[in-house]
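Visitor: Letter by letter, the chains look like this.
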Amino acid sequence: MQDPPLTVPPVPPPDQHDPPGAHQRKGAVEGSATWSLSDRIGLAICWALGLLFCAIAVAIVVYLLVQGIKFLRPEMLWTPAAAGFDETETGGFSDALFGTMIVAAMGIAIALPTGIAIAVWLVEYGRPTALARITESTIEAIAGIPSIVLALFGTVIFSSTALGFLSRSSEGVVFGRSFFAAAAMLSLVALPLIVASVREGLNSIPRHVREASYAVGKTKAATTRRILLPTCRPQVATGAMLGLGRIIGDTAIIVVLLGATQNFAPVEGAAFPFNYLRGAGTTLTNFVYEASPTGNLNQPQKAYAAAFVLLLMVLALNAAVDVVHRRARKVGTWSH
Amino acid sequence: MESLSFPPPIRRLRVEDPEPATEALPAIQNGNGNGQASQGSGFTAARRSIKAPQFSIRRMEIDDVSVHYGPKEAVKRVSLPVRQGEVLSLIGPSGCGKTTLLRSLNRLTELTTSARPSGRILLDDVDITQIEPTLLRRRVTMVFQQPNPFPMSVFDNIAYVLREQGSRRARKKTLEPAVHSALDRAGLFEEVKDNLDHPALKLSGGQQQRLCIARALAAEPEVLLLDEPCSALDPKSTQVIEDLIVKLRDDVAVVIVTHNLQQAYRIADHVAFMYLGDLVEYNSATALFGSPREQRTREYVSGAFG
Numbered sequence: 250m251q252d253p254p255l256t257v258p259p260v261p262p263p264d265q266h267d268p269p270g271a272h273q274r275k276g277a278v279e280g281s282a283t284w285s286l287s288d289r290i291g292l293a294i295c296w297a298l299g300l301l302f303c304a305i306a307v308a309i310v311v312y313l314l315v316q317g318i319k320f321l322r323p324e325m326l327w328t329p330a331a332a333g334f335d336e337t338e339t340g341g342f343s344d345a346l347f348g349t350m351i352v353a354a355m356g357i358a359i360a361l362p363t364g365i366a367i368a369v370w371l372v373e374y375g376r377p378t379a380l381a382r383i384t385e386s387t388i389e390a391i392a393g394i395p396s397i398v399l400a401l402f403g404t405v406i407f408s409s410t411a412l413g414f415l416s417r418s419s420e421g422v423v424f425g426r427s428f429f430a431a432a433a434m435l436s437l438v439a440l441p442l443i444v445a446s447v448r449e450g451l452n453s454i455p456r457h458v459r460e461a462s463y464a465v466g467k468t469k470a471a472t473t474r475r476i477l478l479p480t481c482r483p484q485v486a487t488g489a490m491l492g493l494g495r496i497i498g499d500t501a502i503i504v505v506l507l508g509a510t511q512n513f514a515p516v517e518g519a520a521f522p523f524n525y526l527r528g529a530g531t532t533l534t535n536f537v538y539e540a541s542p543t544g545n546l547n548q549p550q551k552a553y554a555a556a557f558v559l560l561l562m563v564l565a566l567n568a569a570v571d572v573v574h575r576r577a578r579k580v581g582t583w584s585h
Numbered sequence: 077m078e079s080l081s082f083p084p085p086i087r088r089l090r091v092e093d094p095e096p097a098t099e100a101l102p103a104i105q106n107g108n109g110n111g112q113a114s115q116g117s118g119f120t121a122a123r124r125s126i127k128a129p130q131f132s133i134r135r136m137e138i139d140d141v142s143v144h145y146g147p148k149e150a151v152k153r154v155s156l157p158v159r160q161g162e163v164l165s166l167i168g169p170s171g172c173g174k175t176t177l178l179r180s181l182n183r184l185t186e187l188t189t190s191a192r193p194s195g196r197i198l199l200d201d202v203d204i205t206q207i208e209p210t211l212l213r214r215r216v217t218m219v220f221q222q223p224n225p226f227p228m229s230v231f232d233n234i235a236y237v238l239r240e241q242g243s244r245r246a247r248k249k250t251l252e253p254a255v256h257s258a259l260d261r262a263g264l265f266e267e268v269k270d271n272l273d274h275p276a277l278k279l280s281g282g283q284q285q286r287l288c289i290a291r292a293l294a295a296e297p298e299v300l301l302l303d304e305p306c307s308a309l310d311p312k313s314t315q316v317i318e319d320l321i322v323k324l325r326d327d328v329a330v331v332i333v334t335h336n337l338q339q340a341y342r343i344a345d346h347v348a349f350m351y352l353g354d355l356v357e358y359n360s361a362t363a364l365f366g367s368p369r370e371q372r373t374r375e376y377v378s379g380a381f382g
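Chains X and W supply the protein sequences, listed in that same order.
Going letter by letter, the first sequence gives residues 250 to 585 in the numbering used here.
Going letter by letter, the second sequence gives residues 77 to 382 in the numbering used here.
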């Protein structure tokens, strides 16, 4: 079992193929100068494409930044949209902004716990195996369904009489469009991303770490709660961020299931939060669509302003995830 | 870049002053004639400095234990005693079943669904299948090959063991003495006493492994299982941990799986040599390394295979 003693074979003197000065090359990093031509071309293509995509991303952000700053007036953030003949009369998009926030909060409130629970079950329990496989393919199927199809399906469900308490209904006819309905379907859009991200996080934890916890008499539940999930915090954050991004970016479900009014349309006679949540409304994406030249409002300046706000929200989410990841890096990880 | 010719030159490792093959295994070469060199096992030098155990109490009894993984029999009808006051070392080539045997002592094998254990293992004359697993695993704790502290502070790593399952109850203050004592028994307290709030994964490898030992000791176990605890560590940390293991043998029964024959020789009181699932030979360390009874053992400890 002893390793053989480590010996280094004698090195022959440098032969004449060595170009002069080759061994004086500096730097610890291998230079591409020694690569074959095809490898160097490949590297060049990688660089070119990488820079191109960076340029596209920067262009989008900068363009929206400039347009947004040009057209965004602070009062738009707290003025609801109104009917009018020119842009000074039509107000802002406060209802859309709040609508986005409400939908995002409700959607993620459903999707995050469900997604974490599904991921934990798949990775840590996953028995019977057949059920685990079915769950996996179901999640994948949901991820593949276009959101407009989900929206259509949602109208069928939420128009049923049994779910009438979740939306407006009059004389026995259920309207089927409300914040509840939209958030429920949007949570399905976010769910697969959260499941995938948390699963990846759980799978990256070495098996012996779990066993170390079992080996001091901890149950699976305690291990998951105190060791595995805290370790996965960055991946949970990533999943939540991706899910939120999809929710606030979705338009199809909003148009079909939120009623796509330009203002909140609370249900009369219901108690405070529920009158709004059961009613129709709008979000920023829907506002951008309506305010764009193809939409009913046709006021592109406000579309830019709203798009700028939407972009800021996404960037803020990215920054938040970054903070979580950086904090996790401080804790360190296991050597493999 | 243009000045370089193609094909590019091969980058060679230049060793100006090749060191001679060092005396990696002085113990083997300097057989200073205490009568056993003729046996040809090679383990004759007086590297072994630990004192003979002062007492030994039988704590666990491995009785005719087999473990199957599907059709494969990883451990074949092994019987062994585990005693407190002694260090028992399981040695053998890779895949010989020593780790599987170790893991069946606290029923960790049951987590592998394909594993089917049979036979009896007794802890203080009680069959371990009659003991609730989480309870058993607090009495028989384990340290793994890779240092695997939990991603939390040094203090919390130990406190986690002391608390009830997933609970956060028992405040820091009340746990402090127990945490300190566990770190102290693992010989780590002096090094980390000012940094108890630091993340455990930022400690050095040797410190991490001692933290894992401290964690295993915090449960106040009766048997401590070590699965190649030093294989990921440098020689200095290895020595610290070996000293620690020898020190621990009076308080807990220690079972250590090792790939490293010198290590087994240095710290074990009894050694069990396993080969392809069979227990080939079980004897005191001096006897097994000095005058092995079986041909296989002789070949293995002399380095003929591994």
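Where hints are given, some of them may not hold.
List time: in silico DSBU-like cross-link candidates among lysine-lysine, alpha-carbon distance up to 30 Å [claimed, not checked]:
{"id": "1", "chain 1": "W", "residue 1": "K249", "chain 2": "W", "residue 2": "K278"}
{"id": "2", "chain 1": "W", "residue 1": "K127", "chain 2": "W", "residue 2": "K278"}
{"id": "3", "chain 1": "W", "residue 1": "K249", "chain 2": "X", "residue 2": "K469"}
{"id": "4", "chain 1": "X", "residue 1": "K579", "chain 2": "W", "residue 2": "K249"}
{"id": "5", "chain 1": "W", "residue 1": "K248", "chain 2": "W", "residue 2": "K127"}
{"id": "6", "chain 1": "X", "residue 1": "K579", "chain 2": "W", "residue 2": "K127"}
{"id": "7", "chain 1": "X", "residue 1": "K579", "chain 2": "W", "residue 2": "K248"}
{"id": "8", "chain 1": "X", "residue 1": "K319", "chain 2": "X", "residue 2": "K469"}
{"id": "9", "chain 1": "W", "residue 1": "K312", "chain 2": "W", "residue 2": "K269"}
{"id": "10", "chain 1": "X", "residue 1": "K469", "chain 2": "W", "residue 2": "K312"}
{"id": "11", "chain 1": "W", "residue 1": "K248", "chain 2": "W", "residue 2": "K323"}
{"id": "12", "chain 1": "X", "residue 1": "K469", "chain 2": "W", "residue 2": "K148"}
{"id": "13", "chain 1": "W", "residue 1": "K249", "chain 2": "W", "residue 2": "K269"}
{"id": "14", "chain 1": "W", "residue 1": "K148", "chain 2": "W", "residue 2": "K127"}
{"id": "15", "chain 1": "W", "residue 1": "K323", "chain 2": "W", "residue 2": "K312"}
{"id": "16", "chain 1": "W", "residue 1": "K312", "chain 2": "W", "residue 2": "K249"}
{"id": "17", "chain 1": "X", "residue 1": "K469", "chain 2": "W", "residue 2": "K127"}
{"id": "18", "chain 1": "W", "residue 1": "K269", "chain 2": "X", "residue 2": "K579"}
{"id": "19", "chain 1": "W", "residue 1": "K249", "chain 2": "W", "residue 2": "K148"}
{"id": "20", "chain 1": "W", "residue 1": "K278", "chain 2": "W", "residue 2": "K248"}
{"id": "21", "chain 1": "W", "residue 1": "K278", "chain 2": "W", "residue 2": "K323"}
{"id": "22", "chain 1": "X", "residue 1": "K579", "chain 2": "W", "residue 2": "K323"}
Read the hints as simulated data drawn from the structure, not as lab findings.
Visitor: What hints, given by number in increasing order, does this structure fail?
Guide: Hints 2, 5, 6, 8, 10, 14, 16, 17, 19, 22 not satisfied by this model.
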